[in-house]
Amino acid sequence: MRLQCILGMDIGGTNVRAGLVDKEHNLYHFRIINTQSMRDGVNNKSFVENLTDRIEAYIEAFEDRFEVVGVSVGFPSTIDKTRRIVLSTPNIDGLDNVPIADILEKRLNIPVYVNRDVNMLFYRDLHQFHIGSDCVALGCYIGTGFGNAIYVKGEILLGKNGVAGELGHIPMLGLNASCGCGNCSCIETRASGRYLEALVAKEFPDVTIGKVFTKYASHPRIEQFIEYLSLPIATEINIFDPDYIVLGGGILQMEDFPIDTLEKYIVRHSRKPYPAENLVLLYSEMAQENGVIGAGIYGFSARERANKDSAYQQRRA
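Residues 1009 to 1325, numbered by our numbering, are exactly what the sequence shown covers, in order.
One thing to keep in mind: the hints can contain errors.
Each computed DSS-like pair below joins lysine-lysine, with the alpha-carbon atoms no more than 25 Å apart [to be verified]:
| hint | residue 1 | residue 2 |
| --- | --- | --- |
| 1 | Lys1316 | Lys1089 |
| 2 | Lys1316 | Lys1031 |
| 3 | Lys1114 | Lys1316 |
| 4 | Lys1031 | Lys1210 |
| 5 | Lys1114 | Lys1053 |
| 6 | Lys1219 | Lys1168 |
| 7 | Lys1161 | Lys1089 |
| 8 | Lys1168 | Lys1089 |
| 9 | Lys1168 | Lys1316 |
| 10 | Lys1161 | Lys1316 |
| 11 | Lys1089 | Lys1114 |
Don't read these hints as lab results, they were simulated from the structure.
Note that the coordinates shown come from a computational prediction; the quantities given were computed from them, not determined experimentally.
With these hints in hand, go ahead and build the complete structure from the sequences.
Written out as structure tokens, the structure reads:
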């Protein structure tokens, strides 16, 4: 008997990660593929066509041992509220206003589940930290950009259009840099790996970005950068008064990152006495597989919900 799995995928601007995830969240046949090998124009096909080809080949390669009951994909994009359409993807050409779930389902003949990549990471962390459905939790993931997800009443908050949690795009007076979203003055133009890279190149040319915290953690410009990171986190804490705040992403995983300094500024900018006095900060473990496992968790959850809805409709018929 073949093992039922979800094919989980984490689409990034640099790499695509994929693997088979079973109901117990075990991962099999994890793969990393260069995103550029699927870009628009390769094989005279669109990105979506190349992605579909890769998914089909992956499923066929393991179909003797695994029954793929769904494909669950996290995109570095805004996704519509139905979780069927990729609205905007700044770093990958050919992924704007694409009904990706419909396209993949038509070709693959299995259910397809789509979400933001940061939501997939957060699903994995919600499971890892045993965060219950009665809790309010925030996920802040600082990498190239500033990713965010909000968990309330057992669900990740979507908002009217499906794009809730764009925390990196809080506007701040005095910041005039253009953002990838098309606006100016977004906090992400100062609170992101993209900005840190530019800062290191300009102010600290004697070190690589990977060593900047080792040598310059107490430098005023680095302290200022850390405070910028804390501002959107503290803002959201003050709005939601959460049970848990999950922090992660590549920046926080860098060598000698000053976690104590970040926590100091988060507390400083949080409302006193509460929520500042009893914040619970959790730190996500950095692993290439996390987004794939999270996609698998989301896929099984969405599949179960769809099956329940179908059974309910049949009872009403």
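Exercise. Does the structure break any of the earlier hints, and which numbers would those be?
Worked result: 4, 6
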